[in-house]
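For this one, chain A is given, so just place chain B on it according to the hints.
Chains A and B, in that order, give the protein sequences.
Just so we're aligned: the first sequence equals residues 1 to 236 in the numbering used here.
Just so we're aligned: the second sequence equals residues 1 to 236 in the numbering used here.
Among the hints, erroneous ones may be present.
[Claimed, not checked] Calculated from the model, a selection of chain B residues having no Cβ within reach of chain A, i.e. all distances over 10 Å:
id, residue
1, Phe8
2, Leu18
3, Asn93
4, Gly147
[What the hints assert, rightly or not] List of simulated lysine-lysine pairs, DSS-like, C-alpha gap at most 27 Å:
id, chain 1, residue 1, chain 2, residue 2
5, A, Lys162, A, Lys235
6, B, Lys2, B, Lys162
7, A, Lys184, B, Lys200
8, A, Lys136, A, Lys200
9, A, Lys2, A, Lys95
10, B, Lys146, B, Lys190
11, B, Lys200, B, Lys146
12, B, Lys2, A, Lys190
13, B, Lys162, A, Lys146
14, B, Lys136, A, Lys146
15, A, Lys200, B, Lys162
16, A, Lys162, B, Lys146
17, B, Lys184, A, Lys190
18, A, Lys162, B, Lys190
19, B, Lys235, A, Lys162
20, B, Lys47, B, Lys184
21, B, Lys146, B, Lys225
22, A, Lys146, A, Lys73
23, B, Lys73, B, Lys225
24, A, Lys184, B, Lys190
25, B, Lys184, A, Lys200
26, A, Lys162, B, Lys73
27, B, Lys146, A, Lys136
28, B, Lys47, B, Lys136
29, B, Lys47, A, Lys2
30, A, Lys146, A, Lys190
31, A, Lys200, B, Lys136
Everything labelled a hint here was simulated from the structure, so no lab data went into it.
Backbone N, C-alpha and C fix where the C-beta goes; we use that ideal spot for every residue, glycine too.
2 protein chains.
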Amino acid sequence: MKQVEICFSPELIHLHELEGKIVVVVDIFRATSTMIAALANGISEIKTCADLEECRAMASSGYLIAGERNGVKAEGFQLGNSPLAYLSGEYQNQKLAMTTTNGTLAISKSAGADEILIGSFPNLQATASYIQSGNKDVLIHCAGWKGKFNLEDSLFAGAMVKALETTHEAEDDGAISMKSLYEKEGHNLKGFLSQASHAKRLQNHNIDSDIDFCLTLDLFSLVGKVEDGILTGIKQ
Amino acid sequence: MKQVEICFSPELIHLHELEGKIVVVVDIFRATSTMIAALANGISEIKTCADLEECRAMASSGYLIAGERNGVKAEGFQLGNSPLAYLSGEYQNQKLAMTTTNGTLAISKSAGADEILIGSFPNLQATASYIQSGNKDVLIHCAGWKGKFNLEDSLFAGAMVKALETTHEAEDDGAISMKSLYEKEGHNLKGFLSQASHAKRLQNHNIDSDIDFCLTLDLFSLVGKVEDGILTGIKQ
Numbered sequence: 001m002k003q004v005e006i007c008f009s010p011e012l013i014h015l016h017e018l019e020g021k022i023v024v025v026v027d028i029f030r031a032t033s034t035m036i037a038a039l040a041n042g043i044s045e046i047k048t049c050a051d052l053e054e055c056r057a058m059a060s061s062g063y064l065i066a067g068e069r070n071g072v073k074a075e076g077f078q079l080g081n082s083p084l085a086y087l088s089g090e091y092q093n094q095k096l097a098m099t100t101t102n103g104t105l106a107i108s109k110s111a112g113a114d115e116i117l118i119g120s121f122p123n124l125q126a127t128a129s130y131i132q133s134g135n136k137d138v139l140i141h142c143a144g145w146k147g148k149f150n151l152e153d154s155l156f157a158g159a160m161v162k163a164l165e166t167t168h169e170a171e172d173d174g175a176i177s178m179k180s181l182y183e184k185e186g187h188n189l190k191g192f193l194s195q196a197s198h199a200k201r202l203q204n205h206n207i208d209s210d211i212d213f214c215l216t217l218d219l220f221s222l223v224g225k226v227e228d229g230i231l232t233g234i235k236q
Numbered sequence: 001m002k003q004v005e006i007c008f009s010p011e012l013i014h015l016h017e018l019e020g021k022i023v024v025v026v027d028i029f030r031a032t033s034t035m036i037a038a039l040a041n042g043i044s045e046i047k048t049c050a051d052l053e054e055c056r057a058m059a060s061s062g063y064l065i066a067g068e069r070n071g072v073k074a075e076g077f078q079l080g081n082s083p084l085a086y087l088s089g090e091y092q093n094q095k096l097a098m099t100t101t102n103g104t105l106a107i108s109k110s111a112g113a114d115e116i117l118i119g120s121f122p123n124l125q126a127t128a129s130y131i132q133s134g135n136k137d138v139l140i141h142c143a144g145w146k147g148k149f150n151l152e153d154s155l156f157a158g159a160m161v162k163a164l165e166t167t168h169e170a171e172d173d174g175a176i177s178m179k180s181l182y183e184k185e186g187h188n189l190k191g192f193l194s195q196a197s198h199a200k201r202l203q204n205h206n207i208d209s210d211i212d213f214c215l216t217l218d219l220f221s222l223v224g225k226v227e228d229g230i231l232t233g234i235k236q
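Just chain A, with the same shape it has in the complex:
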């Protein structure tokens, strides 16, 4: 059996070996959920940017630009970080440049992995199936919140450990704990997460429908994969 482990924060990623592994980057509320929604609804590729300035500059190269800071759309940007903005399909074949508080950092800190995938509940099973079609160890890299452990990313990681259990062993303490927690709370994700600090922050921004979307399993048969800083979708 191959192994699956969890890193709960980009601040701990230096403690993990990346080489030879598939790293699944997770920022459930909302960066990676939005990326998958965009790719599944016509966006051809996504460039993840380290900061707002770099992202804004991409507009002159014909990119749509999406940026948020602390949960709110950044000034001068066409799109924020809501996955719902893409569902109408109005951005067919357009390229998107995107920067977010925590997700972009987690992607850039995953450099060195054999493959970098983008995980979300809406494409959980597609991602698991893609992983299981190969034979590599997996590290789930939670974006967290400003370096801290965060509940929604960690629970997704637990769901992924569970989805991989026939091919990937969880000897890692983080993977053991989050698989067990998902087994207990997975049937009531929204209720359980409503206690969480980040969900409360999001509720303050009136984006309850975003939360519903981000917690919905298996809407898309699409894998998100980052190569050379560019994220594209692979239809399954």
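Then chain B, alone, in the frame of chain A:
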């Protein structure tokens, strides 16, 4: 209500505010369990040392010296890190100098807190009662394993969050998750932890009876408190 939060690793402690809080340092296998066993069985005070050299030097000042690295007694030391060594009471009124892989680091990185306590399953309720007799926010600081999340410290933290629930609210994502996990797995701690990487390491050292001790609740009505680098016991 006051708040309770969890820090899963000394590598993340800089993200937490310590001022005004009680910090409970936890290194279940085995540093903090051993400290509490020692204080409850006659040791008058414990000096925690940053490294083996500093610890060894304390022998000339009349201290018993205890040191381990990677789970094994360090060369030239009288005692390793087994809590069982103290239970006979043969070290009445002696002072102990101690250094461990992860626990000492977590204590030194807790500097700045209003109070620093030492937590273990054998004195969980005593520690909770002491905290509840005051009115301060609590941060549970898990020593982890070489910077990583570790299952036994995190589950203890969940047990402490649960023990404090009538006085301390868990809004923190780590506290929410570990309280829930403890509710699920707390009745079968040893079985659940037997999957964990650190427990497996300890089993390799044939210290199954140490593990049993470290997972036993409420053997001692004693609080461990660090002041000016010296740990003493407060009888409840």
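Cross-check of the supplied hints:
| no. | hint | verdict |
| --- | --- | --- |
| 1 | Phe8 | violated (6 Å) |
| 2 | Leu18 | holds (15 Å) |
| 3 | Asn93 | holds (38 Å) |
| 4 | Gly147 | violated (5 Å) |
| 5 | A:Lys162 / A:Lys235 | holds (23 Å) |
| 6 | B:Lys2 / B:Lys162 | holds (14 Å) |
| 7 | A:Lys184 / B:Lys200 | holds (25 Å) |
| 8 | A:Lys136 / A:Lys200 | violated (37 Å) |
| 9 | A:Lys2 / A:Lys95 | violated (35 Å) |
| 10 | B:Lys146 / B:Lys190 | holds (22 Å) |
| 11 | B:Lys200 / B:Lys146 | holds (16 Å) |
| 12 | B:Lys2 / A:Lys190 | holds (25 Å) |
| 13 | B:Lys162 / A:Lys146 | holds (26 Å) |
| 14 | B:Lys136 / A:Lys146 | holds (25 Å) |
| 15 | A:Lys200 / B:Lys162 | holds (21 Å) |
| 16 | A:Lys162 / B:Lys146 | holds (26 Å) |
| 17 | B:Lys184 / A:Lys190 | holds (19 Å) |
| 18 | A:Lys162 / B:Lys190 | holds (22 Å) |
| 19 | B:Lys235 / A:Lys162 | violated (45 Å) |
| 20 | B:Lys47 / B:Lys184 | violated (36 Å) |
| 21 | B:Lys146 / B:Lys225 | holds (24 Å) |
| 22 | A:Lys146 / A:Lys73 | holds (18 Å) |
| 23 | B:Lys73 / B:Lys225 | holds (25 Å) |
| 24 | A:Lys184 / B:Lys190 | holds (19 Å) |
| 25 | B:Lys184 / A:Lys200 | holds (25 Å) |
| 26 | A:Lys162 / B:Lys73 | violated (38 Å) |
| 27 | B:Lys146 / A:Lys136 | holds (25 Å) |
| 28 | B:Lys47 / B:Lys136 | holds (26 Å) |
| 29 | B:Lys47 / A:Lys2 | violated (43 Å) |
| 30 | A:Lys146 / A:Lys190 | holds (22 Å) |
| 31 | A:Lys200 / B:Lys136 | holds (23 Å) |
Hint violations for this structure: numbers 1, 4, 8, 9, 19, 20, 26, 29, all remaining hints satisfied.
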